[in-house]
Structure formats: structure tokens, C-alpha cells
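Number of protein chains: 2
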Amino acid sequence: MNRPTITDIARLLQLNPSTVSRALNNHPDVSPETRNRVQELAQELGYAPNQLAVNLRRRHSGLIALLVSEMNMFFNPSVFRAIEQAVYANGYQLIILQSNNTLSREQQNVQICRQLAVEGVLVSLASEAQVLAHFAPLLDQKVPVVFFDRVLPQNHSCSVTIDDVAITRQAIQHLAENGHRRIGGLFGDPNLTITRERFRGFKEVLQELDISFEEQLTAFAQDSQQGSQKALKIMEEQNISAFFAMSDELMVGAVQAIEQKRLRIPEEIAIIAISDGFAPEFYNPKITHIRHSGYEVGANAAKLLLGVIREEIKDPIHVQLECKLIELGSV
Amino acid sequence: MNRPTITDIARLLQLNPSTVSRALNNHPDVSPETRNRVQELAQELGYAPNQLAVNLRRRHSGLIALLVSEMNMFFNPSVFRAIEQAVYANGYQLIILQSNNTLSREQQNVQICRQLAVEGVLVSLASEAQVLAHFAPLLDQKVPVVFFDRVLPQNHSCSVTIDDVAITRQAIQHLAENGHRRIGGLFGDPNLTITRERFRGFKEVLQELDISFEEQLTAFAQDSQQGSQKALKIMEEQNISAFFAMSDELMVGAVQAIEQKRLRIPEEIAIIAISDGFAPEFYNPKITHIRHSGYEVGANAAKLLLGVIREEIKDPIHVQLECKLIELGSV
DNA sequence: AAGGTTTGTGCAAACGTTTGCTGTGGAAAA
DNA sequence: TTTTCCACAGCAAACGTTTGCACAAACCTT
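As given, the protein sequences belong to chains Y and V, one line each in that order.
Per numbering that gives the first Met the number 0, the first sequence starts with residue 0, numbered consecutively.
Per numbering that gives the first Met the number 0, the second sequence starts with residue 0, numbered consecutively.
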């Protein structure tokens, strides 16, 4: 037999499908005897409800979507792990949609969310997205949306971020306390708010510390390889005693460049990064960093989303996570 | 108005829902004039088909499931990227289910696949899974399943793997050609077939090379940190001139240990690994490795699965990917 | 013993589509 | 003119559930 349905069970037991449905859902209206007969047969036939039909009838999908720019090995895996755990623990399924950092793909993904009637959406924006208009189809339908990590300031939904300026200040101050005054800065995609904010923080704190900001000591790079090249260039053309890397990817690039020049960390050049905490362990000495936990981000984003779905959260909440300085090596 | 349906459009245009459906699907039976009227109104109302209803009616879900043991930063991201791309390009949605390496969770995930009526399943087994019985509910319903990476030898579905013995031979031979005869071996979870095969290959090739196998030169570790500890122990207690690491994770662990002992690569100790190719770039000199491309694995697995779904592939195909030696530093 | 309440079950509609069949009007063919 | 055919649209069933309502039988009240 093909996959058995409620109707099959009803026919075999001379019952009405509705009774079978109630029996399977432990509805109090059905007699214990009938309930048992139904459940036993269901077990025997290996019955599993057709979730498609259930969802259609119940007008929800049990789906939560994760919209993410791309898979990368640094930040994402721990975010995913946290989200998947929370989503699973609450009986939802997670579907993952990538935008590859393009706006068009992000728009498509929003459409897909609508079509699948997802009940909530977690978003880390594509770098091309400079405005949130393309989320209107979801927001109009009151589909809960939570933005995390890569967000835009003007969003009216919940969000999970960190205080980029403060975190950068923390990093640079730590370098300054250790006597560094010529600090190279490695930054990511300048289209991202996180990049712009961290860059702004970088300039601000230098000013506070009475260090003049020199553009030639900074660089923007899209990936670790490019980061490595730009770090190399800075080291060759400028005189710096430390690097600040705004992400794991750029930290790796910087270390690569430093090792290529056969400089010792931290004696000849120091490095500090904003990091999820895993990659800094790869090296010896381990890299001092400000811990920006992807797991925490994911867990908080999921928690907010579930709160909004359950209507426990009515108004947008903007969570800013605390970030701690993790001293693993001297700088 | 709430999300508009086909029936809404039909009512507004004084048409039958079936005509609207056909118009939207460009069915030839509907006049160009009607088609235009329908499509214009649909556009105006922002109509998007309810995929739940479509799927129920069409008796398929448009879903492909990815069952994976856990998120880790090394192998998985590139596998995911490849799979997501292929799945998306073919109009399916990807849902991701983690087992956390437990059998019970993997069983649950199989049930979820059934309930959601997924049309295909890609599986990298949990380490606890020593038998494939729990996939019977899917296989009985003729749901296409493709196993990749972490597989069991007795599977009767398609699979994508590498020749673990051959690849290990390649690595060790390369070390031997460079004069290494005392080689430490770092291996992963011994419950996994890949681990056992690579370990077997390790022993076999040593024999072929007339090097006696010494158990104390090898270790099994679950993660990079444990790998690092065990590598340290081997270096301290034994006299070796090179390490073989069977995965990126263990390579990182080994390098960590080597750097901790302040040994130079490759002058004082060499290292070779089986790797996706990304992490070896972190270091300087870069790590020579056998390239086991996660992207290739994902792409091939997805291609096989789509082939089976489209019924282009009838009989189980077992793909064994070629792996190339990538010499980045001398060993 | 008549009325009221409870208990268990069935009926049918609904969720939003798709699709085989039927039916109509008009054009083309005889 | 009559027949044949075709283009177009509607009807209704189906996908597998859930659920409000109706209803019968059995059980309590007075």
C-alpha cells in the first residue's frame, strides 16, 4: 500500500475520518476503546500524518526561514547551530536560503518565504541590500522577521547586533594601553553597516586617544586572501606596530601576511581581532580578540523570533550583545 | 485584505477559479484576453500562490532535505554551498536537519522527512549510525536518498565518497618520498567509516613501504583541541619527523601543537593532511594536502539526487571522487 | 417516567489549488 | 443548411486533514 492516510484507517476500522483524526490527536471526545484501536492500527501501518495537508488546513507551515548571504566558515556555522537548535526545540523546521549577497536573490527568497507560508524569518542581509523595501511583502502579512548581524539601522523589526563602535573602541584601547600608536585597520565589505560602524568606531577612538587617523593604515577587503594582500601592502609601505582586524576572516588574512613576512607575534607586530573565538585558537600564540559569539547571536535571534511568533513580544526589541575581551596572547 | 487567493481573483473578475488557475499557469486553453486580465489583477494584488495547497494537490513538496551530523566550520560550509546552489537551480527548497551525531535524532529526522513529504534526501550519517535500518521508512516509499561523505559500506542507494585508502596512500607515499619514515597519524571518530578506512590505508601503505606500524604514533581525536593534545603527546613521547592528519580539524590541531612546541614546518617536523583546501591557506608556509573538495562532494551528491528524482538514474551509482595532491610547502 | 445532560460518533465544509470532464457558442467544412 | 470541430470557460472532485455542528444513545436528574 502507498502511504496510509487517515481515510485508509477510517475505512479499515469502519469509522469516520474525523473520529480517526480525533483519536490520533488524543481529543477527549473519543472513547478510550476507539482511541486504542485507531492508534494501534496507525502504528501497525506506519501511519505518519501528511504534514502538507495538516499545514494547509491549519493555515501554517511549521517553517522558519533563515535568509543568509552566503555560507562562510567563520561566523555562520555557530550561528546556524544555535538557530537550528532553538527552532527544532520548538517544533519548527528550518529552511535555509542564500542570497549570495545579491539583492535580486534576496527578493526571490522573500517571495519563497511567502509562498511557503513560513511563520517567521531570520535575516542577515545581503551586502547589496541598502534598504528594506523588499521585505514589505512579508511585513504586510505580519510575518515575524528578526534581523541579525547584518542589519540596517532603519529597521522596525526586532534585531540582534552588537555595539560596533564600542567593541572597536575596546579593541583599540587595549592596543593603546599596550603602547601601540600606529595601528593598521582591516575592514570588510564597506557596503555593510557593521563595516561602516566599526570603521567609524576606529576613527573615533583614535581621535579620543589623540592618535591621528591615517587612511593609508587602513584597508577594506572582501575575503581573507584580499585581506592578506592588503595587510602585506600596509606592512611594506607603512610603519605599524599592530593590526586590528574586524572579523575572523580578516584576522586570518592578517596573520597570513605577518607569517609571510616572518614577523613574530606579538614582539614584532601585534594583532587584535573581533572574532567568534574559534579561529584564534589555530595559532600559537593564540590571538587576543573581542569575543563576538555567533552562537549567542543565533540563540538570541531565534529566541526573539519565537517570542514574536508566540505574540509574547509585541514591539520591536533591539538586542545589543555584550562582547568580552579575550586575552590569549599579549599584544 | 488578507493574502489574496485564486478564488479572490476569480470573484473579482467573475471567473471560475479553475480558469484563473489556468490563466496564471499559461495554460493554452485560456484566451489571451482573459489571461491578461487575470495576470494583471494578480500582479496588482500581489498574488503569490499558496505553495502548501499547490504541493498538497500535486502530491509533492518541492523540498529536499539535508541530513547532517552537525555544523562544523571545515568541511560543511562548502558542501552546503554546493548543495544549496544545485537545489535552488532546480526549483527545490532545501531544509536542513542536524542529528548531533545521535541515532535517535537521525531517526526523528527521517520521520520529519516523511511527514513533510520531501522528494529527496541527502545524508551524511551520524557517527552513532552503524546500520541503515532507520532509513527504511523513506526507502519503502521510494524516496530517493543519496549518502555522501559519512556513509556505510552496505548501502544500496547512491553515494558520493572518496577512495579513503588510496588517498591516504597518496599522502603517506609523498611523505616517504621526502624521506620520512617515522610518521605520526591523527585520525577522527573511530566510529566513522572514513576514519576506519583511512586508518586501514595508513597501515597498509606503511607495510608496502616496509615501515613498521607503531600504534603509539597514531591517535584518534574528536575535535581539533583533542587532536592538538594528542599530537603534543606523540611529539613528546615519540620520535617522529612528520604528521599525517586525516582532516582539516586535525590538521589545525596538529599545527597548534607544533607551534606550541616552537618547531618549524617543515624543517623540524613536516605535516600533510586531507583537506578541503581552505584552512591550509591560513598558515605560512601553507600546508601541503590532498584536496578533498567539499564543494565537489556536495555538487556530485546533489546531481545524483536530482538524477534519481527525475528517474534518469535507476540503479544505485557510487561515485568516488578523485583527489589531487596540492603541494603548497615542502614536506 | 419524563425531561435534561453527557458521551461518542458522523456529516460536511473548509484550507487553496489543479485537472478531467462537460458544455457552450461560433467558425469552418461539407 | 447541417454537421464537425475547436476554442474557451465552468463544474466538481480531489489532495489529506481538521473542526463546528448535529445527532443518537446512554446516562443522570427530579
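Think of the hints as simulated: they come from the structure by calculation, not from any bench.
Among the clues, some could well be false.
Since the list gives no way to pick out one identical chain from another, each pair is judged satisfied if it fits inside one copy or across any two copies.
[To be verified] In silico BS3-like cross-links for lysine-lysine, where the CA-CA straight-line distance does not exceed 27 Å: (1) Lys302 x Lys232; (2) Lys323 x Lys285; (3) Lys141 x Lys260; (4) Lys202 x Lys232; (5) Lys285 x Lys232; (6) Lys323 x Lys232; (7) Lys141 x Lys202; (8) Lys313 x Lys260; (9) Lys313 x Lys302; (10) Lys313 x Lys141; (11) Lys260 x Lys232; (12) Lys202 x Lys313; (13) Lys313 x Lys285.
Quick rundown of the hints versus the structure:
1. In the homo-oligomer, the alpha carbons of Lys302 and Lys232 never lie at most 27 Å apart, since the shortest distance is 43 Å inside one protomer and 42 Å across protomers.
2. For the homomeric pair Lys323 and Lys285, the shortest alpha-carbon distance inside one copy (16 Å) is at most 27 Å, but the shortest distance between copies (31 Å) is not.
3. For the homomeric pair Lys141 and Lys260, neither the shortest alpha-carbon distance inside one copy (55 Å) nor that between copies (58 Å) is at most 27 Å.
4. For a Cα distance limit of 27 Å, the shortest separation of Lys202 from Lys232 inside one copy, 20 Å, qualifies, whereas the shortest one across copies, 46 Å, does not.
5. For the identical chains of this complex, Lys285 and Lys232 are neighbours both inside a copy (24 Å) and across copies (20 Å), given an alpha-carbon limit of 27 Å.
6. In this assembly of identical chains, the alpha carbons of Lys323 and Lys232 never lie at most 27 Å apart, being 30 Å within a copy and 32 Å across copies at closest.
7. Within a single copy, Lys141 and Lys202 get their C-alpha atoms no closer than 40 Å, and across copies no closer than 61 Å, so neither meets the 27 Å cut-off.
8. In this assembly of identical chains, Lys313 and Lys260 lie within 27 Å of each other by CA distance neither inside one copy nor across copies; the values are 54 Å within and 55 Å between.
9. In this assembly of identical chains, Lys313 and Lys302 lie within 27 Å of each other by CA distance solely inside one copy; the values are 14 Å within and 44 Å between copies.
10. Proximity of Lys313 to Lys141 under the C-alpha cut-off of 27 Å is restricted to the intra-copy arrangement: shortest distance 11 Å within a copy versus 45 Å between copies.
11. Taking CA atoms no more than 27 Å apart as the test, Lys260 paired with Lys232 passes inside one copy only; the shortest distance there is 11 Å, against 30 Å between copies.
12. Taking CA atoms no more than 27 Å apart as the test, Lys202 paired with Lys313 passes in neither setting, with 37 Å inside one copy and 62 Å between copies.
13. Neither within a single protomer nor between protomers do Lys313 and Lys285 lie at most 27 Å apart by alpha-carbon distance, with minima of 43 Å and 52 Å respectively.
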